[in-house]
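Asks: Sequence:
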Amino acid sequence: MDLNLKGKNAIIVGGARGIGRACAELLAAEGANVALCARNQENIDEAVASLVAKGVKATGAVVDVTDDAAYRAWVAAAAAELGGIDIFIGMASAGGGVVGEEGWRNNFETDILGTTRGIEEALPFLEKSGAGSIILMSSTAAVETFLMPQPYNALKAALITYGAQLSQSVAAAGIRVNTVSPGPTFVDGGSWDMIKNHATEIYDSTLQSSPTGRLGTPEEVANAVVFLASPAAAFITGVNLVVDGGFTKRVQF
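The sequence shown begins at 67 in my numbering and counts up one residue at a time.
These are computed hints drawn from the structure, not numbers from a lab. One should not assume that every hint holds.
Said to hold, decoys possible - Heads up, simulated DSBU-like pairs for lysine-lysine below, C-alpha to C-alpha not over 30 Å straight-line:
| hint | residue 1 | residue 2 |
| --- | --- | --- |
| 1 | Lys194 | Lys123 |
| 2 | Lys72 | Lys120 |
| 3 | Lys72 | Lys194 |
| 4 | Lys262 | Lys194 |
| 5 | Lys262 | Lys315 |
| 6 | Lys120 | Lys194 |
Claimed, not checked - What follows is a list of derived Cβ distance ranges for each label pair:
| hint | residue 1 | residue 2 | range |
| --- | --- | --- | --- |
| 7 | Ala115 | Ala136 | 22 to 30 Å |
| 8 | Val118 | Thr283 | 20 to 28 Å |
| 9 | Leu179 | Glu285 | 24 to 32 Å |
| 10 | Asp68 | Val118 | 16 to 24 Å |
Glycine included, each C-beta is placed from N, C-alpha and C at the ideal position.
Modelling step: build the complete structure from the supplied sequences, incorporating the hints.
Replies: Encoded structure:
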């Protein structure tokens with residue numbers, strides 16, 4: 067299926083590994099140019115080389131999204147290098163498992179401000195696109211109780227609300243906003259890889275809770291993200307798409 071992404075310009079915050087990297091690869095395969103940022107230069111270099119090999123323009127940089135000035139400067143520089151922004155995908159996260167005030171602060175600064183600051187900087191470019199698309203990354207931990215009360219779960223829920231309300235305010239400018247909430251997703255070297263090796267009871271119980279009997283893959287989540295980002299989803303905005311193989315048990319509205 068041609069998603070009409072050839073020549074589109076996409077920014078991915080947190081795009082060098084895992085779901086973000088899978089999104090970058092799929093966008094490039096569809097002919098979109100990609101600018102990505104992450105925290106590890108080696109991962110960035112590897113990702114950019116792979117994207118360029120697909121025949122698109124790609125660029126990457128080490129960026130700390132909690133550094134407001136540096137983050138905003140990177141978004142503007144990436145837009146200039148690509149020639150605009152049609153798609154903004156916010157993947158930055160401090161991750162789960164950390165509780166207490168430190169966890170709240172880290173998740174707020176990374177997951178919330180690391181998303182909203184980038185969007186604020188990207189909006190003027192998205193308006194010029196005429197078909198701008200913003201994708202926020204939440205989690206099924208935001209919509210159903212999972213493991214324990216923690217900042218990650220609560221602040222990922224806040225992103226769903228923010229995305230839905232933002233979609234209403236920017237629709238007249240031709241910009242769509244959607245959120246994707248993955249269920250447990252296995253990434254080599256990622257959190258579920260560590261849980262599998264060091265907290266086998268949690269890993270096994272999670273598998274048993276899934277009707278598919280397995281975790282998701284980054285590519286499966288990326289399929290949903292890239293579809294929503296594309297012109298093929300031109301009449302979809304303000305939704306939270308759960309991609310979890312039936313892991314959550316609530317009725318999805």
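Asks: Decide, hint by hint, whether the structure agrees.
Replies: We went through each hint and held it up to the structure:
The suggested pairing of Lys194 with Lys123 holds, with an alpha-carbon distance near 20 Å, which does not exceed 30 Å. A threshold of 30 Å between alpha carbons decides the hint, and for Lys72 with Lys120 the separation of about 12 Å falls inside it, so the pair holds. For the given pair, Lys72 sits about 17 Å from Lys194 by alpha-carbon distance, which is consistent with the 30 Å threshold. Distance hint between Lys262 and Lys194 is unfulfilled; the C-alpha atoms sit about 45 Å from each other, more than 30 Å.
Distance check on the hinted pair: Lys262 and Lys315 sit about 22 Å apart at the alpha-carbon level, within 30 Å; holds. For the given pair, Lys120 sits about 26 Å from Lys194 by alpha-carbon distance, which is consistent with the 30 Å threshold. Between Ala115 and Ala136 the beta carbons are some 24 Å apart, a value that agrees with the proposed interval 22 to 30 Å. Between Val118 and Thr283, the C-beta spacing of about 24 Å keeps the proposed range 20 to 28 Å intact.
The supplied range of 24 to 32 Å is met by Leu179 and Glu285, whose beta-carbon atoms lie about 29 Å from each other. For the pair Asp68 and Val118, the beta carbons lie near 22 Å from each other, so the given range of 16 to 24 Å is met.
In this structure, only the earlier hint numbered 4 is contradicted, and the remaining ones agree with it.
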